[in-house]
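**Q** Using the sequences and the hints given, assemble the complete structure.
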Amino acid sequence: MSFRFTLLATDGAARLGEFQTPHGRVHTPAFMPVGTQGSVKATLHRDVEAAGAEIILGNTYHLFLRPGDELIARRGGLHAFIGWQRPILTDSGGFQVFSLSERRVIREDGAEFQSHIDGARHLLTPERATDIQARLGSDVAMVFDECLAYPATHDAARASMERSVRWARRCRERLQTLRSTHVPEVTVTNPGQAQFGIVQGGVFQDLRSESADATVAIGFEGYAIGGLAVGEPAGQMYEITAATVQRLPENQPRYLMGVGTPEDLVESVSRGVDMFDCVMPTRNARNGQLFTSEGRVNIKNARYAEDDRPLDPRCGCYTCRHHSRAYLRHLFMAGEMSAAALNTLHNLTFYLDLMRSIRDAIAFRTFDNFRQEFLRSVTRLPLDS
RNA sequence: GGGGAGGUGGCGGAGCGGUCAAUCGCAGCAGACUGUAAAUCUGCCGCCCAUGUGGCUACGGAGGUUCGAACCCUCCCCUCCCCA
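Residue numbers (our numbering): 1 to 385.
These are computed hints drawn from the structure, not numbers from a lab. One or more hints might be untrue.
What the hints assert, rightly or not - Pair ranges (Cβ atoms, derived):
#	residue 1	residue 2	range
1	S293	E162	40 to 50 Å
2	H182	M333	55 to 65 Å
3	R321	A159	48 to 58 Å
4	Y150	A363	30 to 40 Å
5	T153	G76	42 to 52 Å
This one's a predicted model, so the numbers in the text were calculated from it and none came from an experiment. Quick reminder that beta carbons are idealized off the backbone N, C-alpha and C, glycines included.
**A** Below you can see the structure in the form of structure tokens.
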């Protein structure tokens, strides 16, 4: 098995580590830029890599619909197809159970989606999601789960969580089958692919605990915490994360799915999380919101119209080295594509620099100091309230 | 000189007797965005009080008809098109 996680150091609950995949190593705590359709939007792989990304995300649902996982398998898998040779993690489509809730019906065997592209109906099951990811050949595949909407009753959260556990078991069994026997219709393009389980349970600690125990009992190469950051208060998210992490194996990576804001990352690392992904740096960049060492900047604001300063004087990214706030605002207001490109490059750099600083702080065992200082700098300006 | 069309909020452009401070688009101002249906979405957008079933001034200008006019009539001013 090619996937291996190594815990290198700890500082409080924060962990410094790394994991090995068939496509290379990833240092943790890690932030994984989201490249849903095989591309981190508004960027080139070259720049994503240069910004410090060691792993990116792809999405089972989107790539299955277009261009199709079999087409990608015929190209040699997702890495070869998109020309990214570093690690890739694929989400299973579980999040689309949540985000496409109006276009989908959940049944015990899986979820039937109505394609957002052409309206055609497709059934995604644990087995199919596993097969698709096997064809894509990502380095880490996620189990197909149900990301429950918030708020939900305890009963609904339990039913959903228990189904996610049953689905996780089916995903694992399918992967074991693909690993041990030749399945003619499934071209496995990355034999060293790892698979992560996902803890669910809404905002209920008892359900989270049950889910964690059941998922760990199935046995995966890593464990994710899913179904958070869907509308619950941040404090509640941190509590659930902290409690859930304690039930996960120490020698395996923990991945908090879909999180989050810069503060979320720092707070979650301090509670023992190793991996993150979030559309926030990329999506918000395209929408004009930029993360800086002095808080968030909405580059659309009129007050930047004649601001000749760099976006973030403490940032070394291409955008900050070459352009003024005034120019970035102009590009955005004019609808130039370069605005999305420059903004995305900056936000990704900010996030990846933050992760590097976090790792350094853990290595030097000064993480709590770093955290306090970071949160203070962040609350100085209207960042997130 | 003759004939025709028209002048509405920053721009374009609806409205053609009351329910119009005036549809809509753009521009502008602000906000949101957390495993991407997102280069998206939401709010505001005459002036003032700035909370509302508030107050004020408004649809080229000046008069007039009417209980009531952006919408009808008269005159004036100004654009654009066609023919000379």
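**Q** It remains to establish, for every hint, whether it holds in the given structure.
**A** Consistency of the hints with the structure:
1. S293 / E162: 40 to 50 Å: holds (44 Å)
2. H182 / M333: 55 to 65 Å: Cβ of H182 to Cβ of M333: about 57 Å, so the range 55 to 65 Å holds.
3. R321 / A159: 48 to 58 Å: About 53 Å separates the Cβ atoms of R321 and A159, which means 48 to 58 Å holds.
4. Y150 / A363: 30 to 40 Å: Holds, at about 36 Å.
5. T153 / G76: 42 to 52 Å: holds (46 Å)
Of the numbered hints stated above, none is contradicted by the structure.
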